[in-house]
Structure formats: structure tokens, C-alpha cells
Amino acid sequence: SAVISQKPSRDICQRGTSLTIQCQVDSQVTMMFWYRQQPGQSLTLIATANQGSEATYESGFVIDKFPISRPNLTFSTLTVSNMSPEDSSIYLCSVSLAGGLYNEQFFGPGTRLTVL
Amino acid sequence: GESVGLHLPTLSVQEGDNSIINCAYSNSASDYFIWYKQESGKGPQFIIDIRSNMDKRQGQRVTVLLNKTVKHLSLQIAATQPGDSAVYFCAESGGTSYGKLTFGQGTILTVHP
Chain A
1 SAVISQKPSR DICQRGTSLT IQCQVDSQVT MMFWYRQQPG QSLTLIATAN
51 QGSEATYESG FVIDKFPISR PNLTFSTLTV SNMSPEDSSI YLCSVSLAGG
101 LYNEQFFGPG TRLTVL
Chain B
1 GESVGLHLPT LSVQEGDNSI INCAYSNSAS DYFIWYKQES GKGPQFIIDI
51 RSNMDKRQGQ RVTVLLNKTV KHLSLQIAAT QPGDSAVYFC AESGGTSYGK
101 LTFGQGTILT VHP
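Chains A and B are the protein sequences, given in the same order.
Just so you know, our numbering puts 83 at position 83 of the first sequence, and the rest follows in order with no gaps.
Just so you know, our numbering puts 45 at position 45 of the second sequence, and the rest follows in order with no gaps.
It should be emphasised that the hints constitute simulated quantities derived from the structure, not laboratory data.
Note that the structure is predicted; figures quoted are calculated from it, not measured.
Heads up, none of these hints are tricks.
No more than 25 Å apart at the CA atoms, straight line, and that leaves these computed lysine to any residue pairs for SDA-like:
hint : chain 1 : residue 1 : chain 2 : residue 2
1    : B       : Lys42     : A       : Val29
2    : B       : Lys42     : A       : Asp87
3    : B       : Lys71     : B       : Gly94
4    : A       : Lys7      : A       : Ser53
5    : B       : Lys42     : A       : Ser5
6    : A       : Lys7      : B       : Ser40
Extracted from the complex, chain A is given alone in its bound form (with noise of 0.2 Å):
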């Protein structure tokens, strides 16, 4: 597996502001992802983190909401713009260590964001 660390943990935010969340891995990785999951709901993926290139955005999700960078196979960051309430969430990062189909893909703790 890996150790993955996420920054912030949590934080509470005004309406309007963005917050940047950091997503650190101990060893370099195929894939990274990045998940929304709304109060006492499942996960919904947001986007695929590529490096050296720009984001994958599943339906629903937008570079200008959720910018998205990865500059190398250990680091992502996903910034969560002009923020409202609805943004409330726990935001997770994954990874996938070897990529393909059938490999495990393991998690964060997770930020926990409150937009006021």
C-alpha cells in the first residue's frame, strides 16, 4: 500500500473564498483521483489528477470550480473555487500504485470542508 497525507484536514470557510487541499503520497504513483463525498453519502469521483497534463473531469465537474493540478507522481492539489454551502464535503484523494484495471486503490484521510 501507501501512505497518503492530506493537508488540510479540515477547515471552515467563508462563502465566495477558495481553499487549495494537498494530497501527499510516500512513493511515486501511477494514478491519483479525486472524490467528493457530501454529508452521509457515497463517494463520487471528480476528476483524475494527471501529471504533466490537465485534469480528466467526470460529468458534472468543471476546471473552473475544481482546478486541479499534479506536478509530479507524488503530489496533487485540488482547489475547491468560489466556494457556497453546497461545497460542504469530505474531500479525498486516491491512489492507484501499479495503474490499470485490476489494481487497488487506496485512500486518505480526507478534508473536511464547511462553507459557511
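Dock chain B against the given chain A, drawing on the hints supplied.
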């Protein structure tokens, strides 16, 4: 992926009993499945996975069963312990969703001492 509803199914068991958590998936092209355990305030923890060329796989105290005919997945936990109390999610991948996971709605497992 889709998130489903605000009210997760619940399962309450006594310590020492066996638990069975069920999951129905919708994509017939899915060929890889994972069960995760999520404790309060933590990220999902990988439990066990299974590929579609298998119908059963066993781990330590856990067994995953896959029925592709009816698109059903189950997680069996033997001798359930209070530390098993958590939300359990199934996730599927396959078809054109290379490496991406679609999560089920989750089940809250409560183990009573």
C-alpha cells in the same frame, strides 16, 4: 460515479455473529470490485477485491462473493467484532472507466458487545 440518498441501509449484529453486507451494481461491463470500510472521520480503507473471473475470494475473516448473473456482490465478515463497526462501501470498475471507481451507497454496520 453516483452518490445515492441520505439514508444508508443499516445492519446491526451481536459480537461474534457473522455479518453479510450486500451490494447491487448496475454496470454489466464492470469486471473489478472492491470493498471498503470507512470509520468515522477517516478515509475508506481497502478490505478485499475480486475480479470478474472469480465468484469467491477469501481474506482474513472476510469473504467476498460475486454473482455476475444478477449483478450482486456481498461481503461476509466472520465472528464480527465491535471494531468492525463502520460504513462499508462496494465499488466497481470496468468497461471504459479505466481505473476509476463507482461507489455503491454504503451500509452502516453496528456491532453490539
